[in-house]
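Q: Based on the sequences and whatever the hints tell you, model everything.
Residue strings, one per chain:
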Amino acid sequence: DTGVSQDPRHKITKRGQNVTFRCDPISEHNRLYWYRQTLGQGPEFLTYFQNEAQLEKSRLLSDRFSAERPKGSFSTLEIQRTEQGDSAMYLCASSVRGDTQYFGPGTRLTVL
Amino acid sequence: DQQVKQNSPSLSVQEGRISILNCDYTNSMFDYFLWYKKYPAEGPTFLISISSIKDKNEDGRFTVFLNKSAKHLSLHIVPSQPGDSAVYFCAADTDSWGKLQFGAGTQVVVTP
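Line order of the protein sequences matches chains X and V. All residue numbers in the first sequence are consecutive under my numbering, ending with 112. All residue numbers in the second sequence are consecutive under my numbering, ending with 112.
Keep in mind that the hints are not guaranteed to be accurate.
Unchecked claim - Here are a few chain X residues that face chain V, going by a calculated C-beta distance under 10 angstroms:
(1) V4
(2) Y35
(3) Q41
(4) L61
(5) R97
(6) G98
(7) G104
(8) G106
Said to hold, decoys possible - Straight line, CA to CA, 27 angstroms or less: simulated DSSO-like cross-link-like pairs of lysine-lysine:
(9) V/K5 / X/K57
(10) X/K11 / X/K57
(11) X/K71 / V/K99
Think of the hints as simulated: they come from the structure by calculation, not from any bench. Backbone N, C-alpha and C define an ideal beta-carbon position, used for all residues, glycine too.
A: Printed below as a string of structure tokens:
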């Protein structure tokens, strides 16, 4: 097992388009988290799953954002009708409940 | 509402010397603290953590100190090496929720 993976690593899109990111956590990690990081800031919590259940969503996660983890393994984060303010690094992390979170390499989104 | 603060955006240190990174927090409910290191174009990498029941944790060249009364923690790196040049993030958690609150990071540059 090589750790958390994310795909794509980079995404450039035009304003108004929809984008979807994928995260594959470390095997047997029952928790999966999504964070967003903008330049000069630390990662900000967006949402997390325990197995397939989405347990909490941040106020940062507007109605244009949706996340799923259908079988309790990989997760997808979709942004509809992208805006320039959505440009950021989207980070995924996984953990066993209550234990250290391990991060993937991130997906850098640029909205033109 | 920034509950975790790293007030030094950058730190320059000579190779072989000690690096001291500081972090302050405002939420007294935080009971678990972590330090992550981040290289450009990569996700954060876990370094070391400390529970609020301890005041010190050591792992090789890295030591984290926690002063609960002052709501302050620090990371000491001894001796500093060129490969330590990176951005360091302090993060805090409550009751193992996993909803990490991050500081804005400190850019460390280790010079020969």
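Q: So, for every hint listed, does it hold in this structure?
A: How the hints compare with the structure:
no.	hint	result
1	V4	holds (7 angstroms)
2	Y35	holds (8 angstroms)
3	Q41	holds (5 angstroms)
4	L61	violated (12 angstroms)
5	R97	holds (7 angstroms)
6	G98	holds (3 angstroms)
7	G104	holds (5 angstroms)
8	G106	holds (5 angstroms)
9	V/K5 / X/K57	holds (23 angstroms)
10	X/K11 / X/K57	holds (23 angstroms)
11	X/K71 / V/K99	holds (22 angstroms)
Of the numbered hints stated above, the single one contradicted by the structure is hint 4.
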